[in-house]
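Asker: Residue-level listing of the chains:
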Amino acid sequence: MSWRPLGVIAGLTARELLRRRLVHALLLLTALVLALTGWGFSRIPHLHLGGELLTPQLARLAAAQLLLLVMFMFSFVVGLTAAFLAAPAVAGELESGIALAVLARPISRAEFLVGRWLGLALPLLAYVVLSASVEFWLVAVGTGYAPPNPVGAEAALAGQGLVLLTLTLALSTRLSAMTSGVVAVVVFGAMWVAGVAGAFGSAFHNTAISAVGTVSHLLVPSDGLWRAAVYEIQPKLFASASLSRVGSPFSATSGATPAYLVFAAAWVLLVLAAAVLSLDRREV
Amino acid sequence: MAAAGVGGQPEGEAVITRGLTKRYGSRLALDGLDLQVGYGEVFGFLGPNGAGKTTFVKLLLGLGRPSAGTGQLLGRPLGDRSARSKVGYLPELFRYQGWLRAQEVLTLHCQLAGLPPAGFPDEVGRSLELVGLAGRGEDLVSTFSKGMQQRLGLAVALLGAPRLVVLDEPTSALDPVGRHDVRELIRRLRQEGVTVFLNSHLLSEVELVCDRVAVVDRGRVLAQGALTDLLSGEGPRVRCRDLPGDALPGLGALRRDGDWVSVPGLDRSRTPELVAAIVAAGGRVYQVDEGRASLEERFLQLLERA
Ligand SMILES: Nc1ncnc2c1ncn2[C@@H]1O[C@H](COP(=O)(O)OP(=O)(O)OP(=O)(O)O)[C@@H](O)[C@H]1O
Ligand SMILES: [Mg+2]
Numbered sequence: 001m002s003w004r005p006l007g008v009i010a011g012l013t014a015r016e017l018l019r020r021r022l023v024h025a026l027l028l029l030t031a032l033v034l035a036l037t038g039w040g041f042s043r044i045p046h047l048h049l050g051g052e053l054l055t056p057q058l059a060r061l062a063a064a065q066l067l068l069l070v071m072f073m074f075s076f077v078v079g080l081t082a083a084f085l086a087a088p089a090v091a092g093e094l095e096s097g098i099a100l101a102v103l104a105r106p107i108s109r110a111e112f113l114v115g116r117w118l119g120l121a122l123p124l125l126a127y128v129v130l131s132a133s134v135e136f137w138l139v140a141v142g143t144g145y146a147p148p149n150p151v152g153a154e155a156a157l158a159g160q161g162l163v164l165l166t167l168t169l170a171l172s173t174r175l176s177a178m179t180s181g182v183v184a185v186v187v188f189g190a191m192w193v194a195g196v197a198g199a200f201g202s203a204f205h206n207t208a209i210s211a212v213g214t215v216s217h218l219l220v221p222s223d224g225l226w227r228a229a230v231y232e233i234q235p236k237l238f239a240s241a242s243l244s245r246v247g248s249p250f251s252a253t254s255g256a257t258p259a260y261l262v263f264a265a266a267w268v269l270l271v272l273a274a275a276v277l278s279l280d281r282r283e284v
Numbered sequence: 001m002a003a004a005g006v007g008g009q010p011e012g013e014a015v016i017t018r019g020l021t022k023r024y025g026s027r028l029a030l031d032g033l034d035l036q037v038g039y040g041e042v043f044g045f046l047g048p049n050g051a052g053k054t055t056f057v058k059l060l061l062g063l064g065r066p067s068a069g070t071g072q073l074l075g076r077p078l079g080d081r082s083a084r085s086k087v088g089y090l091p092e093l094f095r096y097q098g099w100l101r102a103q104e105v106l107t108l109h110c111q112l113a114g115l116p117p118a119g120f121p122d123e124v125g126r127s128l129e130l131v132g133l134a135g136r137g138e139d140l141v142s143t144f145s146k147g148m149q150q151r152l153g154l155a156v157a158l159l160g161a162p163r164l165v166v167l168d169e170p171t172s173a174l175d176p177v178g179r180h181d182v183r184e185l186i187r188r189l190r191q192e193g194v195t196v197f198l199n200s201h202l203l204s205e206v207e208l209v210c211d212r213v214a215v216v217d218r219g220r221v222l223a224q225g226a227l228t229d230l231l232s233g234e235g236p237r238v239r240c241r242d243l244p245g246d247a248l249p250g251l252g253a254l255r256r257d258g259d260w261v262s263v264p265g266l267d268r269s270r271t272p273e274l275v276a277a278i279v280a281a282g283g284r285v286y287q288v289d290e291g292r293a294s295l296e297e298r299f300l301q302l303l304e305r306a
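Each protein sequence line maps, in turn, to chains A and B. Under the working numbering, the first residue of the first sequence carries the number 1, and numbering increases by one thereafter. Under the working numbering, the first residue of the second sequence carries the number 1, and numbering increases by one thereafter.
Calculated directly from the structure, the hints in this document are not laboratory data. The hints are all genuine.
Partner residues are not named here, just some residues of chain B that face chain A (Cβ under 8 Å, in silico):
1) 95
2) 111
3) 156
Note that beta-carbon positions come from the ideal geometry of N, C-alpha and C, so glycine has one too.
Next up, chain A with everything else stripped away, as it sits in the complex:
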C-alpha cells in the first residue's frame, strides 16, 4: 500500500462531504441542538422542588441523567451518520460507474477502500470530539456537572462510530448502497437491544440472557462501546449496583476493560481487512 493514492482518495472523500454540504448541514443542526440543550441545562439549577430550589447535588444528579439521555441520542446520530456516509461511499461509486475510471488508474483496491475509510473516519472523529466537548462544557458551565472521564467517553463514542462506519463500508463492497445502509442500521439497533437484554440478564443473574449481551458485544462492539461511554459520562456513584437501574441503557455497572478496547480496535481492523479482500475479489 502506498501513501499517495491513499491520501488522494481520502482527500477526495472528505472534499465530497464538504461539497455536498453535508458538513454544513450537520454542523448547523448540531449547533442548534447544542444551543437548545445548553440553555436547558443552564435552567436546571433554577428548578424548584416542593417550593425549594434544587440543592446543587440534586441539580448535578439531574444534569447527569439528562446528559446521558442527550448523549444517547448523540450516539444514535453518530451511528446513523456513519452508516449513511459509508453506504454509498463504495457501493455508490461501483453502481454509478465512477469507480471504473478511478480503479483503472495505478491504485490498488486496498488503497481505494482504506482511502475511503480514512476520508470518512477522520471527519467523523472530528465531529464527535468537537460536539461532545462543547456539550460537556455547556453542561459543566450550566450545572457544575462534569463527566468523570470526558476524553474516554468521546473515544468510546468515536469508536462506536468507527464500528458502524467500517461495518457499513464492508457490506457496501458487496451489497447496494441502500441495502448496506439498512442492514447496518438494523444490526446497530439489534446490538443495542441485545445489550439491554444482557444488562437485564446480569441484573437478575440469569446467565442465558446475560450471555445474549456478551455475545452481541463480541459480535459487533457498537453497544459495548456505547456502554463504555455511559460509564465515563455518568457520576461514579451510578455504577454501584443499588443505584443502577435494572437493565437501563443509560447506565453501566462497569467500564470497558482494556482487553475489550483492544478487541474493539482489532475488530475494526479485521472488518476493514475483510472489506479490502471482498472488494479485491469483486468485478467493477
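Knowing the structure of chain A, use the given hints to seat chain B with the ligands on it.
Answerer: The following block gives chain B with the ligands in isolation, referenced to the frame of chain A:
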C-alpha cells in the same frame, strides 16, 4: 507499419492474451480469446452487442479477473499496477464525480496517475483543449450534457501521455462533429506512436481509423488481421452485357451471376486487365467492383458463418 512509430517502440506487443476466458456464472462472456496488438497500432475490436468487448477491456485493466487464460499489457501481467500508469481509459459507462468541476476531475486523475504536480495545470488545459472543452473547465460535471461528459472522459483518457489508450465506444454519445473529432484525435495519437485499442460496433468509424481489427462474437475471435487483408478476398467483378463465351483469353473461365461476371481466383490488382479483356471480347461495361468488401459486409458475413 506499426512498429515504425515515433521515438522507437519497445520490444514485444502492447497487448497479448492467450486463451483469455471469462465466465459469469454459467454464461461464457469470453471463450479463450487469443489477441495481439502491436505497439503503435490502432486496433479495432468489433463485435455485436454482448460479444464480450467490454468484458475483455475490463480484464485488460484489472477491473475484473479472468476465469482462465493469461495476458500481458505493455509487457506486464494483466492487472499490474505499473502498466496501468501508462494507460488511458474511457469506459463504456463514462461517469465522473458530478460534484467536481471538470478541471478538478482531470487534476484528480493526474494525481492518481502519479504525474508530476507542477505539470497539472498545463496537462489539464491541454487535454480540455484536445476534446473541445476549453473554457468549460470551471463548470461542474453534473451540469455537462452527455456528450460533454464523454468528451471529459476522453480528456481523462488522454492525460499524461499514455502509451496505450483504451476507448470503449468513445463516440456513443457524440454528435457527428464529435465523431469526426474523435477520428482526428485517434489519427493524431497514431502519429505520436500511441497504441489505441478501440471497442466499437460503429463499423464505418473503425474502417476509417484502424490499422488492424479483430471481429468477436460470443466471446470468440472470428477473424483478426490488417484491415486491408480482412476486406479483400472476393476478387473483382464487372457488370456488363453482350459478352459472349464462358472464358476470357489469358484470364480463365468466367463465372456469371446475372449481369455480373468474374474470374474466380483473379487478384484485385488485375481489375483493369479484366475490364480490357471484356471490352475486347465485345462486352459493354456498366459497372466495375474492385472486390473490396465494405467492413459491414465482411462483418455480417463473418457473423453469419459463425
Ligand atoms: N457483471 C456481469 N455479470 C453477468 N454477466 C455479464 C456481466 N458483464 C457482462 N456480462 C455478460 O457478458 C457478455 C459480454 O458482455 P460485454 O459487456 O462484454 O459485451 P459488449 O461486447 O461490450 O457489448 P456492447 O456492444 O453491447 O457493449 C454478455 O452476455 C453479458 O450479459
Ligand atoms: Mg460494451
